[in-house]
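Residue numbers (the working numbering), protein chains in the order written: chain A, 345 to 703; chain B, 742 to 960; chain C, 969 to 1104; chain D, 3 to 422.
Hints in this document: simulated from the structure, not taken from any laboratory. Be aware that a few hints might be false.
The calculated lysine-lysine pairs, modelled on DSBU-like cross-linking and capped at a C-alpha distance of 35 Å, are [unchecked claim]: (1) B:Lys780 with D:Lys408; (2) D:Lys49 with A:Lys690; (3) D:Lys250 with D:Lys341; (4) D:Lys248 with B:Lys780; (5) A:Lys452 with A:Lys587; (6) D:Lys368 with B:Lys810; (7) B:Lys810 with D:Lys341; (8) A:Lys662 with D:Lys74; (9) D:Lys248 with A:Lys690; (10) A:Lys703 with D:Lys153; (11) A:Lys528 with A:Lys487; (12) A:Lys566 with C:Lys1031; (13) D:Lys49 with B:Lys810; (14) D:Lys248 with B:Lys781; (15) D:Lys303 with D:Lys408.
Simulated coverage check for chain A against chain D, where a stretch passes if three residues somewhere in it have a Cβ under 8 Å from a Cβ of chain D [claimed, not checked]: (16) 669-683; (17) 687-696.
Sample of chain D residues lacking proximity to chain A, with all beta carbon distances greater than 12 Å (derived) [to be verified]: (18) Asp47; (19) Leu170; (20) Ser230; (21) Thr359; (22) Glu397.
Keep in mind that this is a model prediction, so the values were computed, not measured. Glycine included, each C-beta is placed from N, C-alpha and C at the ideal position.
Okay, here's what each chain looks like letter by letter:
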Amino acid sequence: MQGPLIDTLARRGVTRRTFLKYCATLASMMALPPTAGRAMAEAMAAARRPSVIWLPFQECTGCTESITRSHSPTIEGMIFDMISLDYQETLMAAAGHQAEEALHTAMKDNAGKYLLIVDGSIPLGQDGAYSCIGGRSNVDILKEAAAGAAAVIAVGSCASFGGIPKANPNPTGAVSVSDLVKDKPIVNIPGCPPIPVVMTGVLAHYLTFGSLPELDDKGRPKSFYGDTIHDRCYRRPFYDQGKFAKTFDDEGARQGWCLFELGCKGPVTHNACATVKWNGGTSWPVESGHGCLGCSEPDFWDGGSFYKALSAPADPLKFAAAAAVVGAGAGVAVSVANRVKKNTAKAMHETTTLADLEK
Amino acid sequence: MNDLQFLTWTRGPGLDIAVGIFLLGVLWRLIEIYTLGRKKDLAAPRHAAGASGLHTVFRRSLPPPGMLKRSPVSYIGGYIFHIGLAIIVFLGAPHILLIENLVGLSWPALPSQFIGLTAVVTMAAMVVMLADRINKPVKRFLSTFEDWFTWAVTFVPVLTGWMATQHLLLPYTQMLALHILSAEVLLVVLPFSKLFHGFTLFGSRWYNGRVNGHKGVPV
Amino acid sequence: MSLDSISIHVVPPGEPGLTGNAPPLLRELLEMVRRLLETGEPSAIDLSALPLTPADLDWLRDKLGTGEIGVTLQANGESTLNETACPGVWWVTHHNEQGAVTSQFIEVAFVPDLVKAHPQDVEIGSGYLELLVSDL
Amino acid sequence: MSATLEKGIHALKEVIDAPIASYFESCVHCGLCAEACLFYTETGDPKYTPIHKLEPLRRVYEQEYTLLGRLKKMVGLSKPVTDAELDQWQELVYDSCTMCGRCSLVCPVGNDIVYMVRKFREGMAVSGHVPDGIRSATKRTVETGGPMGLKWPAVANVLKHVQENTGLTVPVDKEGAEYLVLLSSMEIVNYPEYIEAIAKIFKKAGISYTLASDAYEATNAGIQIGNSDLAKVIVSRIVDAAERLKVKKVLSPECGHAYMAIRWEGPNLVGRPFGFEVVHVLELLDELRQKGVLKMKDKLKDPLILHDPCQIVRRGGVLQAPEPLIQQVAENYIPIADKQKLNWCCGGGGGASAIHTEEAEALRAKAFRIKKRQIEEAGVNTMVTFCANCRITIEEGFDHYEMNTKLLGLTELLAEHLED
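All chains, full assembly: derive it from the sequences and hints.
What follows is the structure, encoded as structure tokens:
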């Protein structure tokens, strides 16, 4: 339809240096070597538009909000401009039958080639009746759309791992995309919401290298999820020095000390917040004084209190007192039995005579 | 079960069960052992300076004259790994936090790098002790399954804790969960194995000191 | 109870101190400068990928000092490419349109890539010049 | 006759107490006790590790007095103690343990191993697993009054000689004396000089004393074989005599286990505290020395070392008296590294010297090498000790290794150099 991206950009008044600068930043965020920015810029400049279908399921639209309200609407927007977003309920002007038609047209025209983006978990309870679009359950829609997709990108913790809908007791029977789709490459971009640049980074990678980025064992791009928050945290030195904020308003908190004791889940959370930050690099949860909730990890909602340190018991001990009583009881019981046995042995004692020394 | 669920289990129900069994076991065993009682010594006591149960409780922490030379590995290795374990368990920040959560007491921690170094030294000492157990005829002769087992049960928490912080082999979450689980196994095993010497050695030293102190011998 | 009766105690935020992570970077830079001299290969350190506190960055900046050249680029927010007191070592900061820092590098190069004009752009420039000449 | 395994197990059930439980639970198999045991250090055989000598006792404790042990026994994880096993252990409990208690001194978790050996012997004795030598000694002591089968007329005969040699009358059965003096058969037979020494010293100090014709024997094979009932029979003779003669104090002879029997086990055997004091002869001598009564006419010049008998020093608590006394009479006393409570056993205590099997004697000879080394390292030709049993064992050792070292009894040495 259109020519290479750089021309599109040029028509919009985006200079090559602007694009180079953007690619340098993107490469930095993807933990690619600083020199990769230029290669990326050149590849992307020449890339063509792939068709993308975005399906929202059991979700809160937070992920879409995160992407569309990202700090730099122009650049992220431009990346979206380089794709043909053929179906996105929240963003598309069409509604009802027209929208459904657009979806089916896109699926038919680009069969086997389109990228499928999913946000939200898929409820399986009540035959999927908890979430339906146009009278069809999410499960059916997903299966149909996934069948013709080149790859699936699960955006947000719900699509990636089931997220909050799946939290105990999971009333809707929510599952993740990877629970249902087994025969397509899936990229998980968890987070509640995910960082916008991760999304664009994955697209950029797809456009630059024609493939999906390298993934970890949970299907997440290693470049963004390879390190824990803790490892990249600027407060990490305080952890190593044993300097911890004990409450949210103590001297330690003011000094910017480590929030581990206040329940920060940074050590077990893989995400890029510590390096990419949020709101245009303004800040991120730990920098604003709150520990990491671990939102990009599976079942983070059920991982014990957000405000309890990782090394502290997740729940108050329930058995301790009872166990102590049982233990004492067992001890006393054995003790009584022992006394009886010893006293019996004493009572049965026959005074030894010389004859008793021989067999 | 995924990593985080595993970790949450070890931090929740797992810890609950382990601490429960530990408390149950410790109380049961202590009562079982110490209510066996002993006869009063009717001989007129001889009083001598330094001869008492309490003296021996402390004195036995140092090698008697000549013994260090006879068995340097046992003493030096033993000191290093016992002190190392104590430093790691009682002066590592996350451990202090756990203790604070369980019993409400807290104190300053040592830097994590120092704890990491201590863990390496402790593990080295434990490996040397293991080699000594394999090499020395007396130790090998005395060793039963329990000796090898308790060595492993003590070693694994140190190893997993250290590997977790160094990001070796497994992702931190899994390693941390394994670390907590292995520490829980240690808690469960402790009251029912020779590891219980951590409790009974005070009683043993006291009895020894008292029985011999009655005769005026500081042992 | 009115809102005013809640006393507000404003505490200025404390500056996180030095972590000790910055000094090793100087050694790395030395290596990179040597490589530039020997092979001509440019390189860069991505500062946002490292656990550095603002104090660490200030320390580093202070150590490296200010050189003769400063380049300002207006492209979707300001970017500054300032040579440090060590020629060949450039402190590169990219801002977005809101003025926030989006990425920050220390580049080791004779001239940072971004400053150089791209041949395609130069071609466009030459076309523009031709147009100007033809209008003479 | 009537010794059975059941009786043995029963006896062990009776004697197992909280200290034993605590000791077994504390053992970490570190093997350090072996380093303190001369039977291990001189043979290098791990089976002589002190704590291993108690394995059957440990199992009885575990199976009878711990919940887990009971369960283990029920499901067959813990084998019951058998006669064959105890038979095998006899060598470990008697031949290769002199109850010297050095292991109890070094155990890092504080186990009093010798305390357990003493208790274990209660079970060994009544299950019939005792060496013949100790059994016969016990029999002779109970039946005739002393381990060597010595009767009063023989003793009276020795006393007559003493009176002839010294010109001093040795009082017998004198009521109201301050001291009841006990002897050991070995002194009566092998070292009558001891009796002469005592007579001289008491005379010099002006202290009244007496012997008892029905309680002259201080040794107690009952505690060596490990049977409290028989030990009680033997010790009761002394208690009865002391009470009948209304003495204030009973003087234990040099003999080590005799002191242990009367001083420390005695009241516990008869089940009540004594109304009299039990004093070891060295304690008395040291008291006299401090009072200035024990003046020497001259001193022994030969360089010498002291052998501290285990049952008197390490296990008996007579820690301070020996050194000042030896310094009183010897000019060149050389303190050795492992002295006083750390001294190494002669290898014949705890009844071991009464075992005359070939293996036991060979083992004792091997174990004696540690004493030999001590003597050689000190570079002396004279050793002084104060226990009749040690003396016999050491003499045997000297013979075995053909050493020309002189062995002296401390009391006699003092008496010999006593100012007239």
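Going through the hints against the structure:
| no. | hint | verdict |
| --- | --- | --- |
| 1 | B:Lys780 with D:Lys408 | violated (43 Å) |
| 2 | D:Lys49 with A:Lys690 | holds (32 Å) |
| 3 | D:Lys250 with D:Lys341 | holds (32 Å) |
| 4 | D:Lys248 with B:Lys780 | holds (28 Å) |
| 5 | A:Lys452 with A:Lys587 | violated (59 Å) |
| 6 | D:Lys368 with B:Lys810 | holds (22 Å) |
| 7 | B:Lys810 with D:Lys341 | holds (17 Å) |
| 8 | A:Lys662 with D:Lys74 | holds (30 Å) |
| 9 | D:Lys248 with A:Lys690 | holds (33 Å) |
| 10 | A:Lys703 with D:Lys153 | holds (28 Å) |
| 11 | A:Lys528 with A:Lys487 | holds (11 Å) |
| 12 | A:Lys566 with C:Lys1031 | holds (34 Å) |
| 13 | D:Lys49 with B:Lys810 | holds (22 Å) |
| 14 | D:Lys248 with B:Lys781 | holds (26 Å) |
| 15 | D:Lys303 with D:Lys408 | holds (13 Å) |
| 16 | 669-683 | holds (count 3) |
| 17 | 687-696 | holds (count 7) |
| 18 | Asp47 | holds (28 Å) |
| 19 | Leu170 | holds (38 Å) |
| 20 | Ser230 | violated (8 Å) |
| 21 | Thr359 | holds (17 Å) |
| 22 | Glu397 | holds (29 Å) |
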